[in-house]
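> So the chains spell out like this:
2 protein chains.
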Amino acid sequence: MSGEASTQEFSRETLENVLKRRFFFAPAFELYGGVSGLYDYGPPGCSFQANVIDIWRKHFVLEDDMLEVDTTMLTPYEVLKTSGHVDKFSDWMCRDLKTGEIFRADHLVEEVLESRLKGDKEARGLVSNANADAQEEADKKKRKKKVKEIKAVKLDDEVVAEYESVLAQIDGYSGEELGELMVKYDIKNPVTNEPLEAPKPFNLMFETAIGPSGQLKGYLRPETAQGQFLNFNKLYDFNNLKMPFASAAIGKSFRNEISPRAGLLRVREFLMAEIEHFVDPENKKHERFDEVKDLELTFLSKEVQQAGLTTPTVTTVGEAVKTGLVDNETLGYFLARIYQFLIKIGVDSTRLRFRQHMANEMAHYATDCWDAELQTSYGWIECVGCADRSAYDLTVHANKTKEKLVVRQKLDTPRVITQYEIELEKKKFGPKFRKDAPIVEKWLLSLSQDELVKYREQLQASNSFKFTIDGIEGEQELDSSFVKIELVTKTEHVREYTPNVIEPSFGIGRIIYSIFEHRFWTRAESSERGVLSFPPIVAPTKVLLVPLSNNEELQPIVKEISRVLRKEQIPFKVDDSGASIGKRYARNDELGTPFGITIDFESVKDGSITLRERDSTKQVRGDVKSIIQAIKEITYDGINWEEGTKELTPFETKAEDDE
Amino acid sequence: MSGEASTQEFSRETLENVLKRRFFFAPAFELYGGVSGLYDYGPPGCSFQANVIDIWRKHFVLEDDMLEVDTTMLTPYEVLKTSGHVDKFSDWMCRDLKTGEIFRADHLVEEVLESRLKGDKEARGLVSNANADAQEEADKKKRKKKVKEIKAVKLDDEVVAEYESVLAQIDGYSGEELGELMVKYDIKNPVTNEPLEAPKPFNLMFETAIGPSGQLKGYLRPETAQGQFLNFNKLYDFNNLKMPFASAAIGKSFRNEISPRAGLLRVREFLMAEIEHFVDPENKKHERFDEVKDLELTFLSKEVQQAGLTTPTVTTVGEAVKTGLVDNETLGYFLARIYQFLIKIGVDSTRLRFRQHMANEMAHYATDCWDAELQTSYGWIECVGCADRSAYDLTVHANKTKEKLVVRQKLDTPRVITQYEIELEKKKFGPKFRKDAPIVEKWLLSLSQDELVKYREQLQASNSFKFTIDGIEGEQELDSSFVKIELVTKTEHVREYTPNVIEPSFGIGRIIYSIFEHRFWTRAESSERGVLSFPPIVAPTKVLLVPLSNNEELQPIVKEISRVLRKEQIPFKVDDSGASIGKRYARNDELGTPFGITIDFESVKDGSITLRERDSTKQVRGDVKSIIQAIKEITYDGINWEEGTKELTPFETKAEDDE
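Residue numbers (the working numbering), protein chains in the order written: chain A, 121 to 779; chain B, 121 to 779.
Honestly, the hints are just simulated from the structure, not real lab data.
These numbers were taken from a predicted model, which means no experiment stands behind them.
Virtual Cβ for every residue (Gly too), placed ideally from N, Cα, C.
Hints should not be assumed to be uniformly reliable.
Stated by the list, open to error - With a Cα cut of at most 20 Å, we get these calculated EDC-like pairs of lysine to aspartate or glutamate:
#1 A:Lys354 with B:Glu150
#2 A:Lys679 with A:Glu612
#3 A:Lys752 with B:Asp757
#4 A:Lys562 with B:Asp757
Said to hold, decoys possible - From the structure, some residues in chain A lie toward chain B, with a derived Cβ separation under 7 Å:
#5 Val155
#6 Asp160
#7 Gly162
#8 Cys166
#9 Val189
#10 Asp190
#11 Leu194
#12 Pro196
#13 Val199
#14 Lys354
#15 Met392
#16 Glu407
#17 Glu439
#18 Asn519
With these hints in hand, go ahead and build the complete structure from the sequences.
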């Protein structure tokens, strides 16, 4: 892409005008006043998204033989209760009891402290008032900020330091801690200055009822992961019982955000692409690690963040795994693959970093987690999470359903183990428990070592033990004529284990918006001439066909080139409007169309056409076949412009503006 | 595909076992006991679906320059209230007050009458008892039938005729009519014989609440269409104000079916692909109609059905439009394109018909509708609807929101029209209505001709008229000092009209299941050897790589071929399990993999490999490059096996079973 992009100042407002004018996306239900957090993708946005998904599928699923599944969004209560989402998938909200307005607690604290720090800078004369006001005004319009006014009030140096430290850790506070911060720093409704209720948890899942009786409670999934975990046995079987392997899913998920803002970056319905890589917890090596080990990435470790710093480390993936910065090869492999994917679809590598989660901000299931963050005008945004979920999910679902979700590995050398085992006197269970007998037997056979120790002690003390089972009424009791619990030493030829899960999880909308920012620039000649410099492979349309005029003589060539492009399945548009060539190209610069083909009266005579490159506006001339060959090679084979057009004739024309 | 398919008897049970064993799809949340009407696609099903979608996009969106959008599933109440779904998108349910069991009324009537007709046939000795029982048993297991037992009771001839006539019209009855049928034919709970409540409407939309306050009621969309209509102005603008044009959307929709059965054919969450073609109501010609006019289709008109018959008419699309069987060219064009698409992805043309909706079964918005129906073991199934929705949707949304959703067409010859017009004395509105003034003005300017006539009469009678406006409290009154309503004759240079919409709407899951039935057969040598004869272009995996043994000598060639296939982006799998070649191919016949490549010790010597064709089990031998070239041409360029392999050497081997 052109170097001009980085030399001009980025204006979010200019970009947003382009994205709106060209219908990349728009607020959903705008005709009805809109619903915050819901957006529709128009034709160029939809096509861009489809290209990103297509590349994702080839880069991850095809390349690493992943097992893609498509599971339902509607999810029954029981599944998400087990996974922990019913109890823990919440944000903290606080209500203004007078106005009924609802705030997301962490965002409110963040915003108020940030505005006070800005006011402090102003008071210290560190920013010009006018500039700050203009920026704030623009921000307010776009981000629906709660804080409407910045007051120039100087703060004590230690208060500034304290605020900055709080902000660095803002993602990590509990509801109680947020409540304490609000009291300590006197944070109220920024508009009315009324006090707010203490933060309460608000579950982010959309609830619904399945079936006509209304009795089966369900949710819209908050992630695609659970559908993959629940199919583990079928997938493992499909993979001919080979380990490790990965499943993948692409689909919409839903989060009922308290107060969505920041456009595509925080929405209530969004496209995700998730991989669940199932791996032996005792061996997280990756067979293709060598292929990526020399790739240099930018890491921001938890230690650095806990020290209140943001200075990243740049090192190779190989080094990072060797030094323990990244826990294991599989995690490292995926970080590298994520990097390669993001660069391929147009992310600016200088605005991409991998940030490790701090202990207090980790999702409830994760044991280690790195986010690929992209820098935008909203700050550094989490776009891909890469978490080691350990054996958490498979374990909780197995415990709940009493179905095994395990791998059975044949051991080359058998191993001797000593453990407690339970033995049932089965013929006595039927008479005692009747229809519940199979449930009780299954429950007993699934007891953990710790539970076996506990019940064994009770048996030794009183010759019986008591227990309750979900779904069976009352307390049960068994004596030693029913069960024996003994320490057994035996030789195992098969090792049974619950796989760990490494999960790269992509928020496609966030990635797409970040690429829009990374690839947007305006031409030196006019700040009105925006360009979206997408890599050709993701550009919504690859070619614009531009006949010089509406003259009928040019029509047969336009038709013929259209036919060829369609046959080659190269997405293109014809613009035979009366607008000047310059205007037509300007329109398509905004759409990010990488190539333009001009058909003129020379074309009628000798069949030659002109090919224009979007970023440099360079042009070459040649016959239809060679030009289309060049387009194909540059778009789909990753060849650069110089290489792809070296057989074609450079073509000079007067400046585009004059055309 | 092989002719064997049609000569052997189809067994749904055998097919379902294959689909389950190979994880094409499975009940969702099976680990938790499942939720009826929800299914997950495993890897082969997911990949098949992705291929179908890819072909759909190329066949419709790319080929006809449609504007694809991706709009949200969450939809606010107001939108679906306006579209009519809140009031009318219901099925009729009746409840057994004793057991609480809920039945879908039309399905119950259908099933009970069908079972009585079966019992009648049995009593007349027209079917053997054993056969009928076995079929019924299988049906019960698979379809969760409510009627558990067929009683051999002979019916009067006129009763048989009456039942048959009711069944032919079963899709067209209102709730009241269904209630009357239940009384007339004494239809009760088939298991308990308890009486049922009269049918009540049950709205099929899933309800949820958007945002933290719980006050914004919303639904999961029942179709993708509304999101496209609401974006009409943006799309029309994006299309440079050219007409006609089409938008398209691919995405999940949701229907809370009362009692889902019949596997993938009736589910609660499903993938749709919908086109909304916006067209001038006065000109429904289609510029590419000539390209399809000679295509012969099978039509079942409403007249034939109303006469209680099912004999279709086979004729060309051109003839059908000319004779008025199909209303217009655009509708005819889409029927033809639907046909071509379905054949391309593997539908059996002899089991495809286009059935016209009868007046009483038409959706509330449609003025004409044809369904592409596919014949399966469940009967003829609606898989694609192709409706002319007229101007219904754009009109209701425009009326509700007071935003114009129209096309402005420059007229070549201006036309003279005479109509009532309203003139406002604007400066008087502010003082009278204050902040509501703009709303009142907008409301007045959007009045229809009929309303203008009404208010004009009131003005003439009493010098004033009264009205109420949504959102403004109380009744309003205006006299003739505020408004004038007069008949005006003027010359229009622009014609303003609301486009009509032709909507082809695809139920992807139903199409996929039907193709599974159409393409499934078992080899003559064993009813256990199932084959899914998918066209290569939609097959989940294109190539199976089979090294003859695990010998290490063969590994380098397997790796090299894998590398080439990956580079060419041809989906493939390696099967280096110890199973016999015959077993490995049998497994992949079930997966519908069209090609097998065998690598043997000859390959090590001279680099030659064997290519096997799934349906015929024919084999040819050649070098890697030629074999892969043949695979590419047959899969992606639609060349047949004989043509694609004519340069390769036929290869004879002993029968597969012996291998």
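> Look at each hint and say if it fits the structure.
Hint check results:
1. A:Lys354 with B:Glu150: Holds - the C-alpha atoms of Glu150 (chain B) and Lys354 (chain A) are around 11 Å apart, at most 20 Å.
2. A:Lys679 with A:Glu612: This hinted pair is violated, its Cα atoms lying about 72 Å apart.
3. A:Lys752 with B:Asp757: With Cα atoms ~18 Å apart, Lys752 (chain A) and Asp757 (chain B) stay inside 20 Å; holds.
4. A:Lys562 with B:Asp757: 55 Å, violated
5. Val155: 6 Å, holds
6. Asp160: It holds, given that the least Cβ distance between Asp160 (chain A) and chain B is near 4 Å, below 7 Å.
7. Gly162: 6 Å, holds
8. Cys166: Where the cut-off is 7 Å and the nearest Cβ of chain B is about 5 Å from Cys166 (chain A), the hint holds.
9. Val189: 5 Å, holds
10. Asp190: 4 Å, holds
11. Leu194: Holds, because the Cβ-Cβ distance from Leu194 (chain A) to chain B comes to roughly 5 Å (cut-off 7 Å).
12. Pro196: 6 Å, holds
13. Val199: At about 6 Å, which falls below the 7 Å cut-off, the nearest Cβ of chain B leaves the hint on Val199 (chain A) intact, so it holds.
14. Lys354: 5 Å, holds
15. Met392: This interface hint is violated because 13 Å lies over the 7 Å limit.
16. Glu407: 13 Å, violated
17. Glu439: 28 Å, violated
18. Asn519: 12 Å, violated
This entry does not satisfy hints 2, 4, 15, 16, 17 and 18, going by the numbered hints stated previously.
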